[in-house]
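Engineer: One-letter residues, chain by chain:
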Amino acid sequence: MATIYIDGRAYEAEAGENLLQACLNLGLDLPYFCWHPAMGSIGACRQCAVVQFKNAEDQRGRIVMGCMTPVTEGAIFSLAGDKAQQFRQNIVESLMLNHPHDCPVCAEGGECHLQDMTVMVGHRDRHYRGRKNTHRNQYLGPLINHEMNRCITCYRCTRYYNDYAGGTDLAALASRDHVYFGRHQEGVLQSQFAGNLVEVCPTGVFTDKVLVHDYTRKWDLQSAPSVCVGCAVGCNTMPGERYGKLKRVHNRFNAEVNGYFLCDRGRFGAGFVNSKQNLFLPGLRQPEGTYDTLDHHQALHHMQQACTTGKVAGIGSPRASVEANFLLRSLVGAENFSPGFSAHEQPLVMEVLQLQQHTAAVIPDIATIESADAVLILGEDVTNTAPRIALALRQSVRNKALAMAAELGLQPWQDAAIRNLAQDQRNPLYITSVADTPLDDVAEVAISLAPNEIARLGNAVARNIADEVNQLPDEPLRSQVDAIVTMLMSAQRPLIISGTGCGTSTITTAAAQLANVLCAKGKRAMLCLVVPEANSLGQAMLCDADAPDLDQLQHRATSGEFDTLVVLENDLYRRGTNVQIDALLAAFNQILVLDGMDNPTTSLATLALPAANFAESEGTIVSLEGRAQRYYPLFQPTAERRPSWVWLLACLKELTHKDVEALHHFDDITRACANAIPALSGITAAAPDHHFRNLGQKIPRQTHRNSGRTAIRANISVHEPKQAVDEESPLAYSMEGLNRAPPGALLPFVWAPGWNSNQSLHRFQGEVGGPLKGGTAGVRILLSGNPSPGVSNYPEKEEPAFLDMPQGLWLLVPRQQIFGSEELSALSPGLCELVEDAYIEICPADAKSLGVSTGDGIMVGNSLATLEVRINDAVAQSCAGFSVGLRGAENLEALHSVSLQRADNWRRRTPKPSSEEVIGSDRTLNSEALTRGTFRQRSARKQSTLPEGPHV
Amino acid sequence: MLKALASQFRTLWTILQHSFTKAETVQYPERQPYLAPRYRGRIVLTKDPDGEERCVACNLCAVACPVDCIALQQGVKEDGRWYPEFFRINFSRCILCGMCEEACPTYAIQLTPDFEMCEYDRKNMVYEKEHLQIEGTGKYHDYNFYRVSGLAITGKDKGQAQSEAEPVDVKGLLP
Chain A
1 MATIYIDGRA YEAEAGENLL QACLNLGLDL PYFCWHPAMG SIGACRQCAV
51 VQFKNAEDQR GRIVMGCMTP VTEGAIFSLA GDKAQQFRQN IVESLMLNHP
101 HDCPVCAEGG ECHLQDMTVM VGHRDRHYRG RKNTHRNQYL GPLINHEMNR
151 CITCYRCTRY YNDYAGGTDL AALASRDHVY FGRHQEGVLQ SQFAGNLVEV
201 CPTGVFTDKV LVHDYTRKWD LQSAPSVCVG CAVGCNTMPG ERYGKLKRVH
251 NRFNAEVNGY FLCDRGRFGA GFVNSKQNLF LPGLRQPEGT YDTLDHHQAL
301 HHMQQACTTG KVAGIGSPRA SVEANFLLRS LVGAENFSPG FSAHEQPLVM
351 EVLQLQQHTA AVIPDIATIE SADAVLILGE DVTNTAPRIA LALRQSVRNK
401 ALAMAAELGL QPWQDAAIRN LAQDQRNPLY ITSVADTPLD DVAEVAISLA
451 PNEIARLGNA VARNIADEVN QLPDEPLRSQ VDAIVTMLMS AQRPLIISGT
501 GCGTSTITTA AAQLANVLCA KGKRAMLCLV VPEANSLGQA MLCDADAPDL
551 DQLQHRATSG EFDTLVVLEN DLYRRGTNVQ IDALLAAFNQ ILVLDGMDNP
601 TTSLATLALP AANFAESEGT IVSLEGRAQR YYPLFQPTAE RRPSWVWLLA
651 CLKELTHKDV EALHHFDDIT RACANAIPAL SGITAAAPDH HFRNLGQKIP
701 RQTHRNSGRT AIRANISVHE PKQAVDEESP LAYSMEGLNR APPGALLPFV
751 WAPGWNSNQS LHRFQGEVGG PLKGGTAGVR ILLSGNPSPG VSNYPEKEEP
801 AFLDMPQGLW LLVPRQQIFG SEELSALSPG LCELVEDAYI EICPADAKSL
851 GVSTGDGIMV GNSLATLEVR INDAVAQSCA GFSVGLRGAE NLEALHSVSL
901 QRADNWRRRT PKPSSEEVIG SDRTLNSEAL TRGTFRQRSA RKQSTLPEGP
951 HV
Chain B
1 MLKALASQFR TLWTILQHSF TKAETVQYPE RQPYLAPRYR GRIVLTKDPD
51 GEERCVACNL CAVACPVDCI ALQQGVKEDG RWYPEFFRIN FSRCILCGMC
101 EEACPTYAIQ LTPDFEMCEY DRKNMVYEKE HLQIEGTGKY HDYNFYRVSG
151 LAITGKDKGQ AQSEAEPVDV KGLLP
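Each protein sequence line maps, in turn, to chains A and B.
The first sequence begins at 1 in this note's numbering and counts up one residue at a time.
The second sequence begins at 1 in this note's numbering and counts up one residue at a time.
Since the hints were made in silico from the structure, they are not lab data.
Just so you know, even glycine gets a beta-carbon here, dropped at the ideal spot from N, CA and C.
Watch out, some of these pointers could steer you wrong.
[To be verified] Straight line, CA to CA, 20 Å or less: simulated SDA-like cross-link-like pairs of lysine to any residue:
no., chain 1, residue 1, chain 2, residue 2
1, A, Lys132, B, Lys129
2, A, Lys773, A, Lys132
3, B, Lys129, A, Ala255
[Said to hold, decoys possible] One-sided and incomplete, this derived list gives chain A residues near chain B with beta-carbon spacing under 10 Å:
no., residue
4, His99
5, Met148
6, Tyr155
7, Thr158
8, Val212
9, His213
10, Lys658
11, Asp659
12, Ala662
13, Asn706
14, Arg713
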């Protein structure tokens, strides 16, 4: 700590941090634009000017930039001095020279950092009488709106997009006052994290396009703390609602999980909440196939009857809350409850849980992933399965740069200097996957292998580290093993990433064993295993390893064991081929489906109950790092929509089930679940219960300036109803209450006096960029670093064989898509435009032998599917990548061997843009990787599949 | 004593004088009072000189309203203009304070010298956009927001607004 003097007062600040950050920490208002807590300082905007005095005698001082000035003991500054104030005012005036008269029609208005800063420095009149520069906008895709006139050239967008998120297609173009931030030509922004531009841009250049077309100002949004249900990472979000519609999703800071950034699936993938396919009334199927609507009393009566006639089986859902699944499990009994994974996926997820429970390695949160100094990815395409992890990995490879900076005594916030120093030097990232991944550009080596070969490579590395002998005989991989071993052994905090994305547990097992071996060698190894859905891990914790999967359920139903099936928020047709699911559902006499939306499973229900989605209900979900987090309803469900737990609890009460006698509130269910399931015993600590009060008050969902209260419903009735009361949470459906330093799990929105934009977040943080004052949201219930005694150092299981496909057969390997592979986000407006039709990827040699070129059709198997073919030289030979979850690929299953043949009656879609339209900056870093001297073996991998003799 | 008596008589005289002055009260509604153009009465939504809706649904009136009696939803027209999909004022709550007019950046919302809006039924006091919208420009005849704003709309391209230069040619290399 150092003592500094600001305007004659002594303050304590951390020596070495920059003055701007120190001022914000001290609660002083110092305007800024280009600085960002996650991106450091470059001193570009000149806005945070302060006067620094040499010593106590110095009366004149000199102007320095706060963000570029380190705090030193005894330094004397002035924020309020005339000179500094005048300077800052002039800077804003010059930044505003070309700013258009747009605020009323700008989606940033009311939460605009530029507005805040302009008011803060007191600038009012534009003295310059010249004309304003204008710019043409670009189409940047269906998610992001571009309005270049508003730019103040702070460079935050390109620094975020290129330097932080690794994008290549956004740049600062032209020069001087003509600087233009955009793409070299119009088109969809390619980065999976482009949506953060909306929050990073201090003004309205980049705005949320979906919001712009159905706009509500920030002060009118009703918000609640929520958790993204798009993947298993569990990023914290702040969705906003108005008039019963979800309007937008903003990032909710969590120092250990998402920090300041979300991926585009999370930010734009919640629009399904407003879907036209939503169910609002219970429906009872009539013999002719139509549905009669019921009210909730009748529905409950039918539900109770169905559950009393004959034996009931239940299928839960890895995308529903722990509580709802727990109640369904109580309703049908543990032995009749299937967790709702596909039969193929269930053992994988169970295995991942097992491995994580018994590993000696650290299970990292995202902030810890960023601290890794060597990363090995086994098989998982994290950018598409758990995108936020990929963004963290892009930061982890920069640790080398930070280490180099530390050697020179550079502060970590000296962003430009450090990037200049390190250039392209990075920590090693080694990627093995079935084909190219978007992370390849920062990888030291990226190779493509068939799934079981990836496992084999992992095992070989583990053995090599344990025994110090390279046992892998075959040359192409042998040298890779050596390289990986050197990389991991020279690191202090190696990170192994794997997951279920490849569809085989051999890879996850290999990854876990490798992590254990590294721990045994004294490394602080980390193990991150990716699971597919928001609550996959929680569902695995809830169920025993021998819980029936869908196939077993079907066998038991066919043998007449069950009459009724209750399906909880799960479209089973995404869990297996149509034939399998048809057979499963046909085995039951009655099918009760609780779901928020019409889908193929709901359409077969004998009784369909409308269940509230994540924006209308509360729930606890467990993320892939084992963090239990609570989401809260943003608004109340309308009509007969009820949270699943309400339906199930009511039914259990009707049945006078003994377990639920004492359950009245949502919190009671959480508590009962924690008591009943040892693995989930920690979930009650995920968030404060409904008795919690913030200094005696509830926490408001609405801002204090929420407008239109007496007019919103006036068209229905002029009599204003009493404000809805939330019995289940410490949040209020009104503006009444106190949103000051609430617990991290209960932060509905950020706002502070003078700080209307999301930059007000620092007023909620203990120190800028640090954890929230109220604590970090969620609780880790998966304890790491506790190996079970029996864990061996390397695999005992049978070695996975090399891929040896018979002639004419291909191994189907899954290719995950950030947009489309997840069920619900793909239904969101805007984002759905980016969801492609299913395709199949093969390598050029295979394409040649099949006589197809990109855009042709290929028939997979015995007419399992006919898909568009894409030629990708990074796909392993004898492997065919298929897009998971996209329309057209329903009947394809991962790791099945199929035949491929050219489809004759295929109609080509519109031709792809020719290569002439692509210029250098647009190209993926294929060639660049080579010129950098990094080793990329995407095309060399085919040789590794060739030796056929010595293995198996 | 005398002084007090004099005061009494003076008072009587003053009051008696009033018998011969002109009455301030008028026979309303037969006789309408004069109301200044800036009187704060019934609220209207006006159109710009070109006959297009002035309201851009910026929500500033709603947020300025001390009784929260304005609710609206923004939409975007095909020509790029922002407009209110619905615009509702609950006049049974309105206190005619004029804050909305003061907040309006486009002169769309204006108060008029008309206060005769009594209803027997409160629900008839809820005015929707079609009840509020008038054809004219109201008190401000010349202002057209989109001629000042930088937002491009059909018929007004980038660079054609007030004191705007032609769009920058990003590919130009001249200094």
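Engineer: Taking the numbered hints from earlier one at a time, note which ones the structure violates and give those numbers from smallest to largest.
Structural biologist: 1, 2, 3, 6, 7, 10, 11, 12
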